[in-house]
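Peer 1: From first to last, the protein sequence lines are chains A and B. For the first sequence, the positions run 1 to 113 when the numbering used here is used. For the second sequence, the positions run 1 to 113 when the numbering used here is used.
Take these hints with a grain of salt, some might be off.
[As the list claims (entries may be wrong)] Incomplete in silico selection of chain A near chain B, CB under 10 Å: (1) Q6; (2) L8; (3) V12; (4) Y31; (5) Y33; (6) G40; (7) A41; (8) L43; (9) Q44; (10) L45; (11) F50; (12) F88; (13) G98; (14) N99; (15) M100; (16) T102.
Simulated from the structure, these hints should not be mistaken for laboratory data. Source: prediction; values computed, not measured. In this text, a Cβ means the ideal position worked out from N, Cα and C, and glycines have one as well.
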Amino acid sequence: GEDVEQSLFLSVREGDSSVINCTYTDSSSTYLYWYKQEPGAGLQLLTYIFSNMDMKQDQRLTVLLNKKDKHLSLRIADTQTGDSAIYFCAEIMNNNAGNMLTFGGGTRLMVKP
Amino acid sequence: NAGVTQTPKFRVLKTGQSMTLLCAQDMNHEYMYWYRQDPGMGLRLIHYSVGEGTTAKGEVPDGYNVSRLKKQNFLLGLESAAPSQTSVYFCASSRPGLSFEQFFGPGTRLTVL
Numbered sequence: 001g002e003d004v005e006q007s008l009f010l011s012v013r014e015g016d017s018s019v020i021n022c023t024y025t026d027s028s029s030t031y032l033y034w035y036k037q038e039p040g041a042g043l044q045l046l047t048y049i050f051s052n053m054d055m056k057q058d059q060r061l062t063v064l065l066n067k068k069d070k071h072l073s074l075r076i077a078d079t080q081t082g083d084s085a086i087y088f089c090a091e092i093m094n095n096n097a098g099n100m101l102t103f104g105g106g107t108r109l110m111v112k113p
Numbered sequence: 001n002a003g004v005t006q007t008p009k010f011r012v013l014k015t016g017q018s019m020t021l022l023c024a025q026d027m028n029h030e031y032m033y034w035y036r037q038d039p040g041m042g043l044r045l046i047h048y049s050v051g052e053g054t055t056a057k058g059e060v061p062d063g064y065n066v067s068r069l070k071k072q073n074f075l076l077g078l079e080s081a082a083p084s085q086t087s088v089y090f091c092a093s094s095r096p097g098l099s100f101e102q103f104f105g106p107g108t109r110l111t112v113l
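So here's chain A without its partners, still in its complex pose (with noise of 0.2 Å):
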C-alpha cells in the first residue's frame, strides 16, 4: 500500500520559520494536504496543493511539492507558540471512490519562546 512518512519531531524558537517535511509513494496523487491537530482535538485542514502546482503560499504558509521526489513541505514564516501541535501529511487515494486519504505519522511541532 502508499505510505506517507514524516518526522516525528520539529522544535523552533519563537519567530523562526518552521519547516515540515513529508514524502509519499503515489505519483498519481491529485492533492496533497497539511492538516493540524492542536491537543484534544481532531484535525483541521489547513491548506492542500494541487499536484499540477509546484507552491502554494496563504499568508505565513508555504507549501512546496516536488512530484519528481515526490516531496511535500510546509513553511510557517514567523511561528508562534499557537502553532504547536501535531501536522499530518495526506494524499488522497487514486482511484477511489470515496475521497480516501492516506496520512502520514504525523510531525509534533514544538515552539519554544
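Assemble the complex: chain A is given as a structure, and chain B must be docked to it using the hints.
Peer 2: Then chain B, alone, in the frame of chain A:
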C-alpha cells in the same frame, strides 16, 4: 452548524464488552469515515461509507462493524473489545467536489482494560 460531532468523548471498557460510537454530521455530506489514531502511526482508516446504506472496509477493519442507516449518522461498533483497540477514534465526513476536504470530529478516547 455543529459540523461533525462524536459521542461519547471518553469510554473505558473491559475486555469482551461491546459498545457503539456515534458520529453525526449536519453538513449533508455524502461520505463518512472512521479512523483510529495511535501514537506515531497517524490516522488509519477503519471503515468508510460513500452514501446512506453503504459501507466498505478500510485499512484496519478487523474487530469493528459499521452502519449508515441515515445519511447524517455513521456508527462504529465493537462487538468484543480487546486491549489492542485502545485508541483515539475520529470520525470525518466529506463531499465530492473541489479539494475533497475531510471535516473531523473531536474524537473519542477509548481504553480497553
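Peer 1: Now tell me if each hint is right for this structure.
Peer 2: Consistency of the hints with the structure:
1. The interface hint given for A:Q6 holds, since its Cβ lies 8 Å from the closest Cβ of chain B, which is under the 10 Å cut-off.
2. At about 6 Å, the closest approach between the beta carbon of A:L8 and any beta carbon in chain B falls short of 10 Å, and the interface hint on this residue holds.
3. For A:V12, the interface hint is violated, the least distance from its beta-carbon to any beta-carbon of chain B being 20 Å, above 10 Å.
4. Look at A:Y31: its Cβ gets to within about 6 Å of chain B, closer than 10 Å, so that hint holds up.
5. The closest approach between the C-beta of A:Y33 and any C-beta of chain B is roughly 8 Å, which is under the 10 Å cut-off, so the hint is satisfied.
6. Interface hint at A:G40: satisfied, since its Cβ lies 8 Å from the closest Cβ of chain B, which is below the 10 Å cut-off.
7. Below 10 Å, beta-carbon pairs count as interface contacts, and A:A41 has one with chain B at about 6 Å; its hint therefore holds.
8. The interface hint given for A:L43 holds, since its Cβ lies 5 Å from the closest Cβ of chain B, which is under the 10 Å cut-off.
9. Residue-level restraint check for A:Q44 holds (minimum Cβ-Cβ distance to chain B is 7 Å; threshold 10 Å).
10. Look at A:L45: its Cβ gets to within about 5 Å of chain B, closer than 10 Å, so that hint holds up.
11. For A:F50, the interface hint holds, the least distance from its beta-carbon to any beta-carbon of chain B being 8 Å, beneath 10 Å.
12. A hinted interface residue such as A:F88 counts as satisfied when its beta carbon comes closer than 10 Å to some beta carbon of chain B; here the least separation is about 6 Å, so the hint holds.
13. Hint status for A:G98 relative to chain B: holds, with the closest Cβ pair at about 5 Å, below 10 Å.
14. With a least beta-carbon distance of about 4 Å to chain B, the hint placing A:N99 at the interface is held under the 10 Å criterion.
15. With a least beta-carbon distance of about 6 Å to chain B, the hint placing A:M100 at the interface is held under the 10 Å criterion.
16. A least Cβ separation of about 8 Å between A:T102 and chain B falls short of the 10 Å threshold, and the interface hint therefore holds.
Hint violations for this structure: number 3 only, all remaining hints satisfied.
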